[in-house]
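Let the sequences and hints guide you as you build the complete structure.
As a plain string of letters, each chain reads:
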Amino acid sequence: EDKVVQSPLSLVVHEGDTVTLNCSYEVTNFRSLLWYKQEKKAPTFLFMLTSSGIEKKSGRLSSILDKKELFSILNITATQTGDSAVYLCAVFSGGYQKVTFGTGTKLQVIP
Amino acid sequence: SQTIHQWPATLVQPVGSPLSLECTVEGTSNPNLYWYRQAAGRGLQLLFYSVGIGQISSEVPQNLSASRPQDRQFILSSKKLLLSDSGFYLCAWALGLQETQYFGPGTRLLVL
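These protein sequence lines map, in sequence, to chains A and B.
Per this note's numbering: the first sequence = residues 1 to 111.
Per this note's numbering: the second sequence = residues 112 to 223.
Just so you know, the hints here were simulated from the structure itself, not pulled from any lab data.
Careful: at least some of the hints might be erroneous.
A partial selection of chain A residues facing chain B, derived with a Cβ cut-off under 10 Å [said to hold, decoys possible]:
no.: 1; residue: Val4
no.: 2; residue: Gln6
no.: 3; residue: Ser32
no.: 4; residue: Lys41
no.: 5; residue: Ala42
no.: 6; residue: Pro43
no.: 7; residue: Ile54
no.: 8; residue: Phe71
no.: 9; residue: Leu88
no.: 10; residue: Thr100
no.: 11; residue: Thr103
Pairs of lysine-lysine residues, derived as BS3-like cross-links and limited to a Cα-Cα distance of at most 30 Å, are as follows [unchecked claim]:
no.: 12; chain 1: A; residue 1: Lys67; chain 2: A; residue 2: Lys106
no.: 13; chain 1: B; residue 1: Lys191; chain 2: A; residue 2: Lys67
no.: 14; chain 1: B; residue 1: Lys190; chain 2: A; residue 2: Lys40
no.: 15; chain 1: A; residue 1: Lys37; chain 2: A; residue 2: Lys68
no.: 16; chain 1: A; residue 1: Lys98; chain 2: A; residue 2: Lys56
no.: 17; chain 1: B; residue 1: Lys190; chain 2: A; residue 2: Lys56
no.: 18; chain 1: A; residue 1: Lys67; chain 2: A; residue 2: Lys57
no.: 19; chain 1: B; residue 1: Lys190; chain 2: A; residue 2: Lys37
no.: 20; chain 1: A; residue 1: Lys98; chain 2: A; residue 2: Lys68
no.: 21; chain 1: B; residue 1: Lys191; chain 2: A; residue 2: Lys40
no.: 22; chain 1: A; residue 1: Lys3; chain 2: A; residue 2: Lys67
no.: 23; chain 1: A; residue 1: Lys3; chain 2: A; residue 2: Lys41
no.: 24; chain 1: A; residue 1: Lys3; chain 2: A; residue 2: Lys57
no.: 25; chain 1: A; residue 1: Lys106; chain 2: A; residue 2: Lys68
no.: 26; chain 1: A; residue 1: Lys41; chain 2: A; residue 2: Lys68
no.: 27; chain 1: A; residue 1: Lys56; chain 2: A; residue 2: Lys3
no.: 28; chain 1: A; residue 1: Lys57; chain 2: A; residue 2: Lys41
no.: 29; chain 1: B; residue 1: Lys190; chain 2: A; residue 2: Lys41
This structure is a prediction, so every number in the text was calculated from the model and none was measured.
Using N, Cα and C, we set each Cβ at its ideal position, and we do this for glycine too.
Written out as C-alpha cells, the structure reads:
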C-alpha cells in the first residue's frame, strides 16, 4: 500500500524563524510529488516536483526532492503569520490517477 | 481564468437522509474532475475521479456515488448517509495529463 508520511505533525514558531517541513513516501512507480498549503478551506498549489535535486523556489518558499532517499522538504524562510496553515504533501504514483496525500503539517507562526 | 465552485458550503444532515453535492468548473474544457474527503485530523482521501462525461472511477468502495452529467459538472451523491460520512468534501480539477490539481472551496458535511 502506498504511504506518505509528513513530519512534524505540528509546529509553532515565531515570526522570522525558518522552518523545514518533511515528506517521506513509499509508493510504487513514483510520478511526482506536490506540496499544497491549506488555510481555512481549499488547498492551494505550491510546488510540483518530479526530478531529484532541482530546487523549486517561490519567494520565501522552496522545495526539493530526493528520489533516492524518497523524501521531499519544504522550506519557509523569514516566516510570517500569514504562513500559518496546514501544509500537505501528495504523491502521484502507479496508474494515471493514483494519488496519496499525507496528513499534513500544521504550522503556526506567532508574532 | 479558471474557477471552481462548490455548494453548499456547509450542510447538516440526519443519518439515513440523501445527499447531493455539486461542483462546477468554469473557464476550461474537458477537465479531469475529482472528489476528495478530508476527515478531521486526516489527509485527503480520493473518492472518485472522472476523465470525461459519464466516466466515473471509484477509488474507495462506500455508500457514496458520483456522476458527471455535463463536461464541467461533477456531483457527489448518497442515498442514505452514515455518521462516518461526516467530513470536508473537496472537488478539484486538473488539465488533461497534468497532475497539478486545483481545489474548490469545499463543503463541510456533518451527519447527525
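*Any hints from earlier that this structure breaks? Give me their numbers in increasing order, please.*
7, 8, 13, 17, 19, 26
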